[in-house]
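K.L.:
As a plain string of letters, each chain reads:
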Amino acid sequence: ETGVTQSPTHLIKTRGQQVTLRCSSQSGHNTVSWYQQALGQGPQFIFQYYREEENGRGNFPPRFSGLQFPNYSSELNVNALELDDSALYLCASSNRGKAGGPDEQYFGPGTRLTVT
Amino acid sequence: AQSVTQPDIHITVSEGASLELRCNYSYGATPYLFWYVQSPGQGLQLLLKYFSGDTLVQGIKGFEAEFKRSQSSFNLRKPSVHWSDAAEYFCAVGSYSGGGADGLTFGKGTHLIIQP
Numbered sequence: 080e081t082g083v084t085q086s087p088t089h090l091i092k093t094r095g096q097q098v099t100l101r102c103s104s105q106s107g108h109n110t111v112s113w114y115q116q117a118l119g120q121g122p123q124f125i126f127q128y129y130r131e132e133e134n135g136r137g138n139f140p141p142r143f144s145g146l147q148f149p150n151y152s153s154e155l156n157v158n159a160l161e162l163d164d165s166a167l168y169l170c171a172s173s174n175r176g177k178a179g180g181p182d183e184q185y186f187g188p189g190t191r192l193t194v195t
Numbered sequence: 027a028q029s030v031t032q033p034d035i036h037i038t039v040s041e042g043a044s045l046e047l048r049c050n051y052s053y054g055a056t057p058y059l060f061w062y063v064q065s066p067g068q069g070l071q072l073l074l075k076y077f078s079g080d081t082l083v084q085g086i087k088g089f090e091a092e093f094k095r096s097q098s099s100f101n102l103r104k105p106s107v108h109w110s111d112a113a114e115y116f117c118a119v120g121s122y123s124g125g126g127a128d129g130l131t132f133g134k135g136t137h138l139i140i141q142p
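In order, the protein sequences belong to chains W and Y. Residues in the first sequence are numbered from 80 upward in steps of one, following our numbering. Residues in the second sequence are numbered from 27 upward in steps of one, following our numbering.
Mixed in with the good hints, there may be bad ones.
Computed Cβ-Cβ distance ranges for the label pairs, DEER-style [stated by the list, open to error]:
{"no.": "1", "chain 1": "Y", "residue 1": "106", "chain 2": "W", "residue 2": "117", "range": "31 to 37 angstroms"}
{"no.": "2", "chain 1": "W", "residue 1": "161", "chain 2": "Y", "residue 2": "79", "range": "41 to 47 angstroms"}
{"no.": "3", "chain 1": "Y", "residue 1": "137", "chain 2": "W", "residue 2": "156", "range": "30 to 36 angstroms"}
{"no.": "4", "chain 1": "W", "residue 1": "82", "chain 2": "Y", "residue 2": "79", "range": "26 to 32 angstroms"}
{"no.": "5", "chain 1": "W", "residue 1": "99", "chain 2": "Y", "residue 2": "65", "range": "42 to 48 angstroms"}
{"no.": "6", "chain 1": "W", "residue 1": "141", "chain 2": "Y", "residue 2": "109", "range": "44 to 50 angstroms"}
Beyond 10 angstroms from chain Y on every Cβ pair, some chain W residues (computed) [to be verified]:
{"no.": "7", "residue": "91"}
{"no.": "8", "residue": "125"}
{"no.": "9", "residue": "183"}
Calculated directly from the structure, the hints in this document are not laboratory data. Glycine included, C-beta positions come from ideal geometry on N, C-alpha and C.
With the rest of the complex left out, here is chain W:
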């Protein structure tokens, strides 16, 4: 069973630029969630994708957007980067649709984004 993978591992961008982060779900999972973890903080929920549609969003502006592909992999796009966007971006996959309750989310290792 392949776990959640993310690319790239590290990324340095300049303020105002755009960035795309990628995530491959764990085998058998159909839902992807993205989180932002600033240094010394807990992860904050950005949004979730299920069946290629956004299905829940946290308190993040529209310049944070995403995609989910038919193979359940996902992208997080951030436009007009700001210094405060510097963080660890975590992707989590889960399997929605099982009877009996909520999903367990399994996290990837994250992408460390630095905005200068």
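Add chain Y to chain W, keeping to what the hints say.
P.N.:
Relative to the frame of chain W, chain Y by itself:
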């Protein structure tokens, strides 16, 4: 809105001693509660979860947690810690909209230091 409070930013425990990490949550309905562990530079690993039923739940690596509705708490315990338990621990609460889990709300984490 749901929230999670982890009152202890840092905890230092001697190797072999017992451990209890505190977590308080605020949520209007039946909460779905999780504990995750994060080693430096890594993603989050699920230790255990509470969805319903027995309020004492067992997890991996010898951890357990007890759900106390009257105290809105979900404290994590381990009878004897090992040096490898040194990490950041996060408590999280999840919502369930019927179609599946939405985003998790995390606490700010507790940094566990193990003394030899």
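K.L.:
In terms of Cβ atoms, is chain Y entirely out of 10 angstroms range of residue 183/W?
P.N.:
violated (6 angstroms)
K.L.:
Using the Cβ atoms, figure out if residue 99/W sits within 42 to 48 angstroms of residue 65/Y.
P.N.:
Violated, at about 27 angstroms.
K.L.:
Taking 26 to 32 angstroms as the stated bounds, is the beta-carbon spacing between residue 82/W and residue 79/Y within them?
P.N.:
The hint (26 to 32 angstroms, Cβ to Cβ) holds, given that residue 82/W and residue 79/Y are roughly 28 angstroms apart.
K.L.:
Going by Cβ atoms, does residue 125/W stay more than 10 angstroms from chain Y at every point?
P.N.:
violated (8 angstroms)
K.L.:
Is 44 to 50 angstroms respected by the C-beta to C-beta distance linking residue 141/W and residue 109/Y?
P.N.:
holds (45 angstroms)
K.L.:
Indicate whether the distance between the beta carbons of residue 106/Y and residue 117/W respects the range 31 to 37 angstroms.
P.N.:
Holds: the Cβ-Cβ distance is about 33 angstroms, inside 31 to 37 angstroms.
K.L.:
Could you check the hint for me, namely that residue 137/Y and residue 156/W are 30 to 36 angstroms apart, CB to CB?
P.N.:
Given range 30 to 36 angstroms: holds, Cβ gap about 32 angstroms.
K.L.:
Is 41 to 47 angstroms respected by the C-beta to C-beta distance linking residue 161/W and residue 79/Y?
P.N.:
Once the Cβ atoms are compared, 44 angstroms apart, the range 41 to 47 angstroms for residue 79/Y and residue 161/W holds.
K.L.:
Is the nearest Cβ of chain Y still more than 10 angstroms from the Cβ of residue 91/W?
P.N.:
Answer for residue 91/W: holds, closest chain Y Cβ roughly 16 angstroms.
Taken one by one, the earlier hints fail for this structure at numbers 5, 8, 9, listed in ascending order.
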